[in-house]
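Student: Here is how the chains run, residue by residue.
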Amino acid sequence: MSVNWRNIGLFAAMGLVLVMVAAFQSWQLALTILNMSLISAIMALGVNMQWGYAGLFNVGIMGFTAVGGLAAVLIAMPPVNEAWAAGGLGAILGLMLGVATILAAVVVYKRMTPGRLRGMVIFAVIVVGWLVARFFFAPATQAIQAVNPASEGYLGGLGLPVILAWPVGAVFAAGAAWLVGKVSLGLRSDYLAIATLGISEIIIAILKHERWLARGVNNVTGIPRPVTRPVDLQPQPWVQDLAGRLGWSVSETASILSALGYSVLFVIVLAILIWLAEKALNSPWGRMMRAIRDNETAARAMGKDVTRRHLNIFVLGSAVCGLAGAMMVSLDGQLTPGSYEPLRFTFLIWVMVIVGGSGNNWGAVLGAFVIWFLWVQVEPAGRWLMEMVTSGMEPGSDLRRHLLDSASHMRLLTMGVALLLVLRFSPRGLIPEK
Amino acid sequence: MDPVSALVTLTNFVLIPGFAYGSQLALGALGITLIYSILRFSHFAHGDVMAFGTMVVIFTTWGFQAIGITGGGVIPTALLAIPVGIAVMIVYLLVADRLVYRFFRQVKAKPLTFVMASLGVMFVTNGLTRLFIGTSERRFEDGERFIFSVRDFREWTGLAEGLALRSSQAITIVTALLVMAALFWFLTRTKSGKSMRAYSDNEDLALLSGINPERVVTMTWMIVAGLVVIAGTLYGLDKGFRPINYFQLLLPMFAAAIVGGLGSPIGAIVGGFVVAFSEMGITYAWRRFFTHLMPEDMAPDSMLQLLPVDYKFAVTFAILVIVLIFRPTGIFRGKSI
Chain B
1 MSVNWRNIGL FAAMGLVLVM VAAFQSWQLA LTILNMSLIS AIMALGVNMQ WGYAGLFNVG
61 IMGFTAVGGL AAVLIAMPPV NEAWAAGGLG AILGLMLGVA TILAAVVVYK RMTPGRLRGM
121 VIFAVIVVGW LVARFFFAPA TQAIQAVNPA SEGYLGGLGL PVILAWPVGA VFAAGAAWLV
181 GKVSLGLRSD YLAIATLGIS EIIIAILKHE RWLARGVNNV TGIPRPVTRP VDLQPQPWVQ
241 DLAGRLGWSV SETASILSAL GYSVLFVIVL AILIWLAEKA LNSPWGRMMR AIRDNETAAR
301 AMGKDVTRRH LNIFVLGSAV CGLAGAMMVS LDGQLTPGSY EPLRFTFLIW VMVIVGGSGN
361 NWGAVLGAFV IWFLWVQVEP AGRWLMEMVT SGMEPGSDLR RHLLDSASHM RLLTMGVALL
421 LVLRFSPRGL IPEK
Chain U
1 MDPVSALVTL TNFVLIPGFA YGSQLALGAL GITLIYSILR FSHFAHGDVM AFGTMVVIFT
61 TWGFQAIGIT GGGVIPTALL AIPVGIAVMI VYLLVADRLV YRFFRQVKAK PLTFVMASLG
121 VMFVTNGLTR LFIGTSERRF EDGERFIFSV RDFREWTGLA EGLALRSSQA ITIVTALLVM
181 AALFWFLTRT KSGKSMRAYS DNEDLALLSG INPERVVTMT WMIVAGLVVI AGTLYGLDKG
241 FRPINYFQLL LPMFAAAIVG GLGSPIGAIV GGFVVAFSEM GITYAWRRFF THLMPEDMAP
301 DSMLQLLPVD YKFAVTFAIL VIVLIFRPTG IFRGKSI
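From first to last, the protein sequence lines stand for chains B and U.
The first sequence stops at residue 434 when you use UniProt numbering, and every number in between is there.
The second sequence stops at residue 337 when you use UniProt numbering, and every number in between is there.
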């Protein structure tokens, strides 16, 4: 069991680093890093299911997390009744007509004999369906966006508890993944990558553009939180008592307690997921997945439906990413479609999985902690380094200013170098697959 | 009814920009398809490598302008800087190949490992680009802005509709055609080009007939360096330089390569134009075009725009999906399974 001790040691070292952040920088920072690390760990688990278990290359993580985030808005925000009255019916009808158009085109494709006539009928169905759907949809969305545009202008959500949004976010992401997987699985492995890259850009474009849905680039803020906010904690007598005993200020204590609340929730979710993932990995199903990954032809010869199994695991992994996306939005309390960029939400997660050790759930979790820690701390470290380098220069020189400004870009460079080094020298990662 | 005006509008807003954009995509897709057929992986760093090359060209342009070398106010100085950019990119890509990809070639790693390594290169390249030039938009076009402007055109023809041809668009189309012609000449007429095609066709047979694989790989990276710098500079001249835009070109470029048939150079070019014209056609507001074509009392009152411009990715994606469903090997039957 020597391997186990090594892993426990690695996690303990990571914990120690976080404690040192708390001691030398601040508790708030340490908890912020911890919470984001936990969310990243869940995303990394999702990706590890796809890549580590099945060898599927998903570069659309950003899209799946964003869709999960959308769920937080649709579930937890209070409904905007005025907007529903203004155009809710039209918007829903328009969407349903759009879906009906696609279904009709599919039915025509399946029922008619191939030929020029079929092509023309499909084209006609799509054009007519599009125009009809648009006829209901466009005025309705405009009416919705006109309702109190400064703070609302969208349909709002269902006003349910925000925790419910987490599983719903997973379901949303699973739906998107099913569509992508259905089209691109079973073809060359790279095609899935391109298709997921595409769907993630489209999801972000939809979130940015469809203001009636979630206010687009105007952002939805003030999403209800699953944990009491620091502002509401401050007046509580026990918080004030605790603050007095620890010698901290009340506001500091309150924000730490609130962040801790999140940490507890996230740890519970992560623990359940790891337990499930480990169970699955060691079950016959997990063995089958690995068999498919290691030799697709042999697995096919054994009668396994490779494409179907791939679709299963792709949907599952994406659902986990969607869950993490919903959790992240409920941690931030806001949905900001403009802030989703692929380097941060897709490729960084990949670095986590590779560095941690693909195929090993604990590795993915550890990778998430290490990489997120680096991601947060490299920027101040880079700034510090640049200050050292430039300390001999004149204070006002252009080069010095440029170097200091560019310190924030150091993190991309560091991530790239970390990824390349691990791929080259330790392709099995920090905690290798057993 | 005024079909001439309709045609002029269409040329001005769809055909010319579509040709320019299509040429840029085609050059990018050619690079992707070459790497795919010789090195056998999907090169995800392509967009960022393009941005890096363009950045070198921009710096060189500034340097040239500072010491007084310009395009004489006619052609953009950046065109003169392209050779410098290509030279730097050849070094950059060959160093990347020696440091990163060669090892995986030697251990015969799976294609996806290469893709992963290209993600690492993408990160590093992106970081370097941001480090050197930042993330804000840079315009580096100088020289004559228009071959002919809307006003010139109106004066010549007396038409109410205007038509303009920007220098950057004309340069893009001409340069792209020249580069494509040169590439095809190289691939089909020279010994090196033939050895590259042989290697891509059947690696083992090529090895047996004495083709040095490392030499083929080196040549591929050199050609790719030329393609990315030219494509990136033309795109930057046409639309301005922002690193994130180059990253986002990845999707249309890959779509172009796949639609045409991965591994097929002709396919990459055709794919580039298919993607460009579909994006343009579906996000263009056709109202003016049809107003000219229809009798006056039947003029359409909506914009006749199928999708807002924000959804141009969706168009690319839709084409990609259609091709993947109905003809996964692409129009020109690339070599994918």
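What the hints contain is simulated information worked out from the structure, not anything from laboratory work.
Please note that a few of the clues may not be correct.
[As the list claims (entries may be wrong)] Here are the computed lysine to any residue pairs in the SDA-like style, where the Cα-Cα straight-line distance is at most 25 Å: (1) U:K239 with U:S302; (2) B:K434 with B:I206; (3) B:K110 with U:I322; (4) U:K239 with U:Q106; (5) B:K182 with U:F326; (6) B:K208 with B:L89; (7) U:K110 with B:I206; (8) U:K239 with U:V4; (9) B:K182 with B:I206; (10) B:K208 with B:R293; (11) U:K194 with U:N212; (12) U:K239 with U:K110; (13) U:K108 with B:I206; (14) U:K110 with B:F425; (15) U:K110 with B:P235; (16) U:K239 with B:E341; (17) B:K304 with B:R290; (18) U:K108 with B:T297; (19) U:K239 with U:Q65; (20) B:K208 with U:I16; (21) U:K110 with B:L89; (22) U:K108 with B:G186; (23) B:K208 with U:S302; (24) B:K182 with U:K110; (25) B:K182 with B:L257; (26) U:K110 with U:T11; (27) U:K110 with B:P114; (28) B:K208 with U:T135; (29) U:K108 with B:K110.
[Unchecked claim] Computed spacing ranges between beta-carbons, pair by pair: (30) B:T307 with U:I266: 42 to 52 Å; (31) U:V91 with B:T336: 32 to 42 Å; (32) U:D297 with B:I92: 46 to 56 Å; (33) U:M1 with B:A124: 17 to 27 Å; (34) B:L276 with U:G63: 22 to 32 Å; (35) U:I75 with B:R344: 48 to 58 Å; (36) U:G63 with B:E394: 21 to 31 Å; (37) B:G186 with U:R102: 26 to 36 Å; (38) B:T307 with U:T218: 50 to 60 Å; (39) U:D2 with B:M120: 40 to 50 Å; (40) U:E214 with B:P167: 20 to 30 Å.
Each residue gets a CB set at the ideal place from its N, CA and C atoms; glycine is no exception.
Student: Take the hints in turn and mark each one as holding or not.
Tutor: Hints, one by one, checked against the model:
A threshold of 25 Å between alpha carbons decides the hint, and for K239 of chain U with S302 of chain U the separation of about 28 Å lies outside it, so the pair is violated. With a CA separation close to 41 Å, the supplied pair K434 of chain B and I206 of chain B exceeds the 25 Å bound. A distance of roughly 15 Å separates the Cα atoms of K110 of chain B and I322 of chain U; the hinted pair therefore holds under the 25 Å criterion. Distance check on the hinted pair: K239 of chain U and Q106 of chain U sit about 40 Å apart at the alpha-carbon level, beyond 25 Å; violated.
Between K182 of chain B and F326 of chain U the alpha-carbon distance is near 13 Å, which keeps this suggested pair within the 25 Å criterion. Our distance criterion of 25 Å between C-alpha atoms is met by K208 of chain B and L89 of chain B, whose separation comes to about 22 Å. The suggested pairing of K110 of chain U with I206 of chain B is violated, with an alpha-carbon distance near 35 Å, which exceeds 25 Å. Taking the CA atoms of K239 of chain U and V4 of chain U, the gap is about 28 Å. The hint is violated against a cut of 25 Å.
Under the criterion of a C-alpha separation no larger than 25 Å, the hint pairing K182 of chain B with I206 of chain B is consistent with the structure, at around 21 Å. A threshold of 25 Å between alpha carbons decides the hint, and for K208 of chain B with R293 of chain B the separation of about 37 Å lies outside it, so the pair is violated. The hinted pair formed by K194 of chain U and N212 of chain U meets the criterion: a straight-line CA distance of about 13 Å does not exceed 25 Å. Distance restraint check for K239 of chain U and K110 of chain U: the Cα-Cα separation of roughly 37 Å exceeds the 25 Å cut-off, and the hinted pair is therefore not satisfied.
In summary, the hint linking K108 of chain U to I206 of chain B is not supported, as the alpha carbons are separated by about 41 Å, beyond the 25 Å threshold. Annotation: proposed proximity of K110 of chain U to F425 of chain B holds, straight-line Cα distance about 16 Å (limit 25 Å). For the proposed pair K110 of chain U and P235 of chain B, the alpha carbon gap of about 59 Å is over 25 Å, so the pair is violated. In summary, the hint linking K239 of chain U to E341 of chain B is supported, as the alpha carbons are separated by about 21 Å, within the 25 Å threshold.
This hinted pair checks out: K304 of chain B and R290 of chain B have alpha carbons roughly 12 Å apart, not beyond 25 Å. For the given pair, K108 of chain U sits about 19 Å from T297 of chain B by alpha-carbon distance, which is consistent with the 25 Å threshold. The straight-line distance between the Cα atoms of K239 of chain U and Q65 of chain U is roughly 21 Å, inside the 25 Å bound, and the hint therefore holds. Taking the CA atoms of K208 of chain B and I16 of chain U, the gap is about 29 Å. The hint is violated against a cut of 25 Å.
Taken as a hint, the K110 of chain U and L89 of chain B pair is broken in the structure, with Cα atoms around 51 Å apart against an allowance of 25 Å. Of the pairs offered as hints, the one joining K108 of chain U and G186 of chain B holds, with about 23 Å between alpha carbons and a cut-off of 25 Å not exceeded. Distance check on the hinted pair: K208 of chain B and S302 of chain U sit about 23 Å apart at the alpha-carbon level, within 25 Å; holds. Among the hinted pairs, K182 of chain B with K110 of chain U is consistent with the structure: their alpha-carbon atoms are about 24 Å apart, no more than 25 Å.
For the suggested pair K182 of chain B and L257 of chain B, the alpha carbons sit about 44 Å apart, so the restraint of at most 25 Å is broken. In summary, the hint linking K110 of chain U to T11 of chain U is not supported, as the alpha carbons are separated by about 46 Å, beyond the 25 Å threshold. Taken as a hint, the K110 of chain U and P114 of chain B pair is broken in the structure, with Cα atoms around 39 Å apart against an allowance of 25 Å. Restraint check: the Cα-Cα separation between K208 of chain B and T135 of chain U comes to about 21 Å, which is no more than 25 Å; the hinted pair holds.
Distance hint between K108 of chain U and K110 of chain B is unfulfilled; the C-alpha atoms sit about 43 Å from each other, more than 25 Å. Under the hint 42 to 52 Å, the C-beta atoms of T307 of chain B and I266 of chain U, about 31 Å apart, miss the expected range. For V91 of chain U paired with T336 of chain B, a C-beta distance near 40 Å keeps the hint of 32 to 42 Å intact. Evaluation of the 46 to 56 Å hint for D297 of chain U and I92 of chain B yields a failure: the beta carbon distance comes to about 36 Å.
Restraint check, M1 of chain U to A124 of chain B: a C-beta distance of roughly 26 Å satisfies the suggested window 17 to 27 Å. Range check, L276 of chain B to G63 of chain U: about 59 Å between beta-carbon atoms, so the 22 to 32 Å window is missed. As the Cβ distance of I75 of chain U to R344 of chain B is approximately 39 Å, the hint placing it in 48 to 58 Å is violated. For G63 of chain U paired with E394 of chain B, a C-beta distance near 23 Å keeps the hint of 21 to 31 Å intact.
The given range of 26 to 36 Å is respected by G186 of chain B and R102 of chain U, whose C-beta atoms sit roughly 32 Å from each other. Between T307 of chain B and T218 of chain U the C-beta distance comes to about 38 Å, which lies outside the given range of 50 to 60 Å. For D2 of chain U and M120 of chain B, the Cβ-Cβ distance of about 29 Å falls outside the hinted range of 40 to 50 Å, so the restraint is violated. Taking 20 to 30 Å as the suggested C-beta distance range, the pair E214 of chain U and P167 of chain B does not conform, at roughly 53 Å.
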